[in-house]
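J.: Chain by chain, the residues run as shown.
2 protein chains.
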Amino acid sequence: MGEVANKQVLLRGFITASPRETDLEFRVGRAELGVPDGSKAVLVKNLYLSCDPYMRGRMREYYNSYIPPFQPGSVLEGFGLAKVVASENPHFRPGDLVSGMTGWEEYSLILKTEQLRKVQVDEKIPLSYHLGLLGMPGFTAYAGFYEVCSPKKGEFVFVSAASGAVGQLVGQLAKLHGCYVVGSAGSQQKVDILKNKLGFDDAFNYKEEVDLVAALKRYFPQGIDIYFDNVGGAMLDAVLLNMRVGGRVAVCGVISQHGISDPEGLHNLSSLLFKRIRMQGFLQSDYLHLFPQFLDCIVEYYKQGKIIYIEDMTEGLESAPAALVGLFSGRNVGKQVVCVSRE
Amino acid sequence: MGEVANKQVLLRGFITASPRETDLEFRVGRAELGVPDGSKAVLVKNLYLSCDPYMRGRMREYYNSYIPPFQPGSVLEGFGLAKVVASENPHFRPGDLVSGMTGWEEYSLILKTEQLRKVQVDEKIPLSYHLGLLGMPGFTAYAGFYEVCSPKKGEFVFVSAASGAVGQLVGQLAKLHGCYVVGSAGSQQKVDILKNKLGFDDAFNYKEEVDLVAALKRYFPQGIDIYFDNVGGAMLDAVLLNMRVGGRVAVCGVISQHGISDPEGLHNLSSLLFKRIRMQGFLQSDYLHLFPQFLDCIVEYYKQGKIIYIEDMTEGLESAPAALVGLFSGRNVGKQVVCVSRE
Numbered sequence: 066m067g068e069v070a071n072k073q074v075l076l077r078g079f080i081t082a083s084p085r086e087t088d089l090e091f092r093v094g095r096a097e098l099g100v101p102d103g104s105k106a107v108l109v110k111n112l113y114l115s116c117d118p119y120m121r122g123r124m125r126e127y128y129n130s131y132i133p134p135f136q137p138g139s140v141l142e143g144f145g146l147a148k149v150v151a152s153e154n155p156h157f158r159p160g161d162l163v164s165g166m167t168g169w170e171e172y173s174l175i176l177k178t179e180q181l182r183k184v185q186v187d188e189k190i191p192l193s194y195h196l197g198l199l200g201m202p203g204f205t206a207y208a209g210f211y212e213v214c215s216p217k218k219g220e221f222v223f224v225s226a227a228s229g230a231v232g233q234l235v236g237q238l239a240k241l242h243g244c245y246v247v248g249s250a251g252s253q254q255k256v257d258i259l260k261n262k263l264g265f266d267d268a269f270n271y272k273e274e275v276d277l278v279a280a281l282k283r284y285f286p287q288g289i290d291i292y293f294d295n296v297g298g299a300m301l302d303a304v305l306l307n308m309r310v311g312g313r314v315a316v317c318g319v320i321s322q323h324g325i326s327d328p329e330g331l332h333n334l335s336s337l338l339f340k341r342i343r344m345q346g347f348l349q350s351d352y353l354h355l356f357p358q359f360l361d362c363i364v365e366y367y368k369q370g371k372i373i374y375i376e377d378m379t380e381g382l383e384s385a386p387a388a389l390v391g392l393f394s395g396r397n398v399g400k401q402v403v404c405v406s407r408e
Numbered sequence: 066m067g068e069v070a071n072k073q074v075l076l077r078g079f080i081t082a083s084p085r086e087t088d089l090e091f092r093v094g095r096a097e098l099g100v101p102d103g104s105k106a107v108l109v110k111n112l113y114l115s116c117d118p119y120m121r122g123r124m125r126e127y128y129n130s131y132i133p134p135f136q137p138g139s140v141l142e143g144f145g146l147a148k149v150v151a152s153e154n155p156h157f158r159p160g161d162l163v164s165g166m167t168g169w170e171e172y173s174l175i176l177k178t179e180q181l182r183k184v185q186v187d188e189k190i191p192l193s194y195h196l197g198l199l200g201m202p203g204f205t206a207y208a209g210f211y212e213v214c215s216p217k218k219g220e221f222v223f224v225s226a227a228s229g230a231v232g233q234l235v236g237q238l239a240k241l242h243g244c245y246v247v248g249s250a251g252s253q254q255k256v257d258i259l260k261n262k263l264g265f266d267d268a269f270n271y272k273e274e275v276d277l278v279a280a281l282k283r284y285f286p287q288g289i290d291i292y293f294d295n296v297g298g299a300m301l302d303a304v305l306l307n308m309r310v311g312g313r314v315a316v317c318g319v320i321s322q323h324g325i326s327d328p329e330g331l332h333n334l335s336s337l338l339f340k341r342i343r344m345q346g347f348l349q350s351d352y353l354h355l356f357p358q359f360l361d362c363i364v365e366y367y368k369q370g371k372i373i374y375i376e377d378m379t380e381g382l383e384s385a386p387a388a389l390v391g392l393f394s395g396r397n398v399g400k401q402v403v404c405v406s407r408e
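As given, the protein sequences belong to chains A and B, one line each in that order. Counted from 1, the first sequence has number 137 at position 72 by the working numbering; the numbering is strictly sequential. Counted from 1, the second sequence has number 289 at position 224 by the working numbering; the numbering is strictly sequential.
Copies of one chain are not kept apart here, so a pair can be met inside one copy or by any two copies together.
With a straight-line Cα cutoff of 20 Å, these simulated SDA-like cross-link-like pairs (lysine to any residue) come out:
id	residue 1	residue 2
1	282	127
2	282	129
3	72	174
4	189	377
5	282	130
6	218	371
7	282	128
8	217	351
9	282	332
10	371	360
11	218	362
12	177	154
Quick caveat, the hints were computed from the structure, so don't treat them as lab data.
The following block holds chain A by itself, in its conformation from the complex (with noise of 0.2 Å):
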């Protein structure tokens, strides 16, 4: 099939603060369109690419965290939603439509063939929500409030970074468990979002609130029964003291974190026991065994208008530099993904 020319996008070299778009290099490569014979892997052009904060974390030089550093020089790896150019793997034929584990470029020969999911063409269903919203994201939002923060109906839900990726998936889903839920975000666009399309009975603009403690008093005078934490930090610990008696914390994402060598330091956690808290960290990668329900579950509740997903699509892959960055300033509305080509 012969040899093209390949739009990718390297990591420099290992980071310690936020990431920078030199942090990333972006070059024109050439993608031999081939399988080696035998190797059971398959050849794919890269359609969406998945921007998510995770990826900060596979930029330092740490190997003690649950997924390995990108390596220097190399091309970014994330969640990709892709079409099958040619395969000598008998599970994906040419012209399927694949979610996993791909390189940031428009051509990859995807050695590794377990975690690759075929994606069932749906014309009620844009294709990048096989990224967010269907995807690993999505999954995190379902996991993590089903099974990381028992939920029940009239329990008070509050959610960080709530228009996000995840965020925004975890209030729509406690609203149709019958909880009151209130979200916070970095923008007024943000926080309008939440209250006029996504549905969050209140939310606010964290920027805008000189005292946490007080804002979470005020937005829940009887207490928070569930914390769906994307941001650890000053929130977390803000959150402890506003907690109710039994309550729960899902631990999912420290975004506040990210580019902080000395995390801050959280004061508040004998709450845990006054209180009688429960706090859980989880990665949706432990939870596999659901993904067929979680995906019924939503694909039902898309389609019967019952929830939304606010996508922030930027064009191209010389774009993605820009979007990745974005992530930590919160540039983004809605979950970022990047179209590398549309078909």
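Following the hints, complete the assembly by docking chain B onto the known chain A.
T.: What follows is chain B alone, placed relative to chain A:
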């Protein structure tokens, strides 16, 4: 029955720092040895009083805890083992031995009898054990270990304040469960007790370790599955960096923070996410339905010689202020009890 002299210990005023003996007042008051007609109250003679770290919380002017503060100028309250002298309550008769909340004095009129438990005398078990091994601290260990820690055979368990009223039982239960158990304590004497009397696999004096993270790495090269936390603060922060994936932290006490108005910051909460750790605060009072099975289990273990219990007993109510204050500098060796009268 008339009026008699009644030794008492009172709180002088609310405190903000660690408790000192001068915060408490010993005096000889008077007691009326009768019960108001139709009151359902009982009058008891206190035999043993329990000194527990949670009592420090009741010495502060803080109303948001699970238990209200003591009243300045009033007699302290705490768990005690007492003999009924007079009763207007059909469930209790003169001569009965009872355990429950009583006053720090020789004779107490107990109006709220709902939580009072009749104690079965068993010649093989010291009466004072109903304040420790068979009382609130023992039950805290039992409920915390079995209900909060979700222990599995072969897991690596770390207990802080391990020779204390709760810790010594947690460690022994963990050993009986087939776990590997290491404890920390604040003196060589306590370390020796942990290793030589209580059957811990290993133990160390935290005061002699300059780097707690490194110390824990030495004692748990494979990491920690379960941390039974009696102290909070810097030790908890160090443990978080040494936890294994899927680990559990039971937050039972924060004795390291009792004297501090502005608690130490915790910096390693990100481990909750990376290691998918569940961290849970609990109170034994949330598990009272398990109390009968706890008693059956622990009495059986004790009679079989499978567990032992170490008490630090002081004589006379006059010694009570020093005994309580000593908890916060770790002066006690084992469960601190005050003997007011042997019968």
